[in-house]
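K.L.:
Below, each chain spelled out in residue letters.
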Amino acid sequence: MIVELGAFALILALALSVLSLALTTAGRLRLSPVLAGAGGGAMLASAGAILLAFGALIYAFVVSDFSVSNVAMNSHTDKPVFYKVAAAWGSHEGSLLLWCLVMTVFGGALALARGLPFGLKTSAVAVQAALSSLFLAFAAFTSNPFFRLDPAPVQGASLNPLLQDPALAVHPPLLYGGYVGFSVCFSLAVAALIEKRVDPAWGRWVRPWALASWALLTVGIALGSFWAYYELGWGGWWFWDPVENASFMPWLAGAALLHSAIVTERRGALAGWTVFLAILAFTFSMLGAFLVRSGVLTSVHAFAVDPQRGMMLLAILGLAAGAAFILFALRAPAIRSGAAFAPVSREGTLVLNNLFLTAAAATVLLGTLYPLILEGVTGATISVGPPYFNAVFNPLMIVACLILPAGPLLAWKRGDLKGALQRLWLAAALAITAAFAAFLLFEPKKALAAAGLGVGAWLICGALAELGVRTKAFRAPLAETLRRAKGLPLGAWGMALAHAGVGVFILGALVETSFKAEAAAALPLGGEVAAGPWKARLDAVQVIEGPNYLAEQGRLTIMPVDGRAPERVITAERRFFPAGGQTTTEVGLDFRGLDDVYVVVGDRAATDAGERAWIVRVYYNPWARLIFLGPALMALGGLISLLDRRLRVGAGSRAKKAAKPVEPVEAQA
Amino acid sequence: MRRAAALCAALLLASAAAPALAEPPPAPDRPLTDPAQEARARALFGDIRCVVCQHESIADSPAGIAADLRGLVREQIAAGKTDAQIKDDLIRRYGDYVLFQPPVRLGTWLLWFGPFALAAGAGVVLVLRARRRGTAEAAPLTAEEERALAELTADDENA
Chain G
1 MIVELGAFAL ILALALSVLS LALTTAGRLR LSPVLAGAGG GAMLASAGAI
51 LLAFGALIYA FVVSDFSVSN VAMNSHTDKP VFYKVAAAWG SHEGSLLLWC
101 LVMTVFGGAL ALARGLPFGL KTSAVAVQAA LSSLFLAFAA FTSNPFFRLD
151 PAPVQGASLN PLLQDPALAV HPPLLYGGYV GFSVCFSLAV AALIEKRVDP
201 AWGRWVRPWA LASWALLTVG IALGSFWAYY ELGWGGWWFW DPVENASFMP
251 WLAGAALLHS AIVTERRGAL AGWTVFLAIL AFTFSMLGAF LVRSGVLTSV
301 HAFAVDPQRG MMLLAILGLA AGAAFILFAL RAPAIRSGAA FAPVSREGTL
351 VLNNLFLTAA AATVLLGTLY PLILEGVTGA TISVGPPYFN AVFNPLMIVA
401 CLILPAGPLL AWKRGDLKGA LQRLWLAAAL AITAAFAAFL LFEPKKALAA
451 AGLGVGAWLI CGALAELGVR TKAFRAPLAE TLRRAKGLPL GAWGMALAHA
501 GVGVFILGAL VETSFKAEAA AALPLGGEVA AGPWKARLDA VQVIEGPNYL
551 AEQGRLTIMP VDGRAPERVI TAERRFFPAG GQTTTEVGLD FRGLDDVYVV
601 VGDRAATDAG ERAWIVRVYY NPWARLIFLG PALMALGGLI SLLDRRLRVG
651 AGSRAKKAAK PVEPVEAQA
Chain H
1 MRRAAALCAA LLLASAAAPA LAEPPPAPDR PLTDPAQEAR ARALFGDIRC
51 VVCQHESIAD SPAGIAADLR GLVREQIAAG KTDAQIKDDL IRRYGDYVLF
101 QPPVRLGTWL LWFGPFALAA GAGVVLVLRA RRRGTAEAAP LTAEEERALA
151 ELTADDENA
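Protein chains in written order, with our numbering: chain G, 1 to 669; chain H, 1 to 159.
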């Protein structure tokens, strides 16, 4: 009964979403606040209906109602309740429902937002309603999760055990918050084109959405990467896999968007470009959904795929993005681009940042789609993997990172490059010292990696230098510095933190990839294998029983080769899930400061002497902690910026208006 | 090739998530005794695609053919072949698909040089626009612009 209610709620949500589209469109055309308000209400009701549907699906999973096809295919009675709930968004159908939920909730939030001008708001809600109608129709007619089975199976097929993991259970909601959050930027951009008005106030509306979506996407991607790192058992954390690329493209476009929106908000410039990026970011989100769900790409973590659904998703993508870009092409020439600025200025560096981020996004797009296109056109098959991205993506990003610290130190409109560089000399000196120190201290000696470490240090020192300049650290008395630090807007702290986070990530990524060590051996009990400065001894292996799996658990002692650090005991498992007949590895991780000692216990084997043994692989991953700390800092920086009073919708503009009745710069745009 | 096809079928039969179960576990790798040669081998593994897997290198893949290829690469390194020779040999057997680094030829120019061309082209456009703006901006500031400037500098002080 509850499942039927869910199915009904899904259809109801679609109807309400279409109703919202009709009401807001009519409200906009007739300039009727009543109709527009009713349209916003329909959007909220649609969000409520999907929430009901989603609740019904979770209920079906929790009670293991195997008469529901989706539950039968993705759940099992033995599964812990946490993973029963998480399985609700573990399949194509369920995750699409989550996508629609986020989309309508954000649409409802947009309808409730105060302070937006009537035209912009009504058009934006209409666009958001159109998007959610498309996706809800797709969900209801091709991917309905409430489909019944008759007869119902006695037991379910269970969720892929690789996905039964805490990080991956919360990864989709965060990722979708980011992906679909960009839909609001998309709607605001299309609405601005419809209203033929892109001004600093518009930049102010878009920025918090871009920032929030980007921060959520950052955490989502980092969690997915962390999951791949400890669950797949290969010791790697990023494979330039098409599905990873699919999430990385909106991230890069979103990063460009939130920087270009700053210029539009503060200076009224780059308005057309910001609109373009807002459309592009969500287009990349939709492209990602298509790539992951259509089966056109082979990937380790693609969804169960169906070409027919893929075609429908492609049609939705073509319709939504096509309409938006055509509208952009028609209206963009009329957008006035605001105040002029000199090449050396904060706008100038932000334009360069956008240039390189966009070129980097184009690299990921090309690298992901090129094999498909080439095969379609010429029949030749190629693979695009890490060597390509190292050669093309990395140089572009390194140039962007070299420019980055100068940006915040330059003034708007016309900056003083010499002055900025003078304020950065200490950061530059520290970065170069760090590069030389890295070259001397790390073995084997790698000049390129050392130079890259210098870039990471440059970003961190540059972020600190910026804070130092703004608080007059070491130049004014401590009390003055503290007073200034207290008065510094949260946005400045957030920016410095996020930029330092990029540097921290670069340090971790470079040291890990350049100086990791690995070893594998068939170990009998008591056997040892060494990787880098650590060795592992296999002490015991026992069979243990989990809630829905059997595992062979190895107990290992991790100790330093030189005996200069304490020993530690860790466990690593190989789990067998009888429900689906699958095996997974549960990596043993020993955190040693910033480093990881990463141990995988594999198949049974025999030593040369015929003794019983297990294949044990040990990875020494230096500074791996920073790879995940960096994105955490970036997301935290985004969150802190989001709390800045100036970004809070409504509050900032009112305060500013009270202080300065005339705003010539903004009026000009 | 027939061996690869058989493996491929075995992998497809098993669930995609557990390719390791589809076949008996491969014999553990025997690293080369010379550490420099072993390091070269490991660097190469990361660039070679496991031809029956989904976007995995032979360094990461648990599939049997990946183990075979690792053995092959080690043999050839021990036999004194250069990295380029080994890669060419692999391309002869499996095609360009086997390397994660796509070839640079007419059909892939867009892939290799497109992003740089995009950045350079956009850079040129920006420089040209800045020049045009630069001459326009030489005109003295209007009263309104003066006021805007004053406000901006005040903003920077506060910010």
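By construction, these hints were calculated from the structure, which means they are not laboratory data. Please note: incorrect hints may appear among the correct ones.
[Stated by the list, open to error] Straight line, CA to CA, 20 Å or less: simulated EDC-like cross-link-like pairs of lysine to aspartate or glutamate: (1) Lys-516(G) / Glu-38(H); (2) Lys-535(G) / Asp-562(G); (3) Lys-446(G) / Asp-68(H).
[Unchecked claim] Far from chain H by the CB rule (all over 12 Å, computed), these chain G residues: (4) Pro-387; (5) Leu-396; (6) Ala-473.
Owing to the predicted nature of the structure, the values given are computational and were not obtained by experimental measurement. Even glycine gets a Cβ: it sits at the ideal position worked out from N, Cα and C.
K.L.:
Hint by hint, note whether the structure agrees.
P.N.:
Status of the hints after comparison with the structure:
1. Lys-516(G) / Glu-38(H): holds, 14 Å
2. Lys-535(G) / Asp-562(G): Cα-Cα ~10 Å, so holds.
3. Lys-446(G) / Asp-68(H): Violated. Lys-446(G) to Asp-68(H) sits at ~30 Å, over the 20 Å cutoff.
4. Pro-387: Contrary to the label, Pro-387(G) does not stay out of reach of chain H, its closest Cβ about 4 Å off (not over 12 Å).
5. Leu-396: violated, 6 Å
6. Ala-473: Given a closest Cβ separation of 17 Å, the condition holds.
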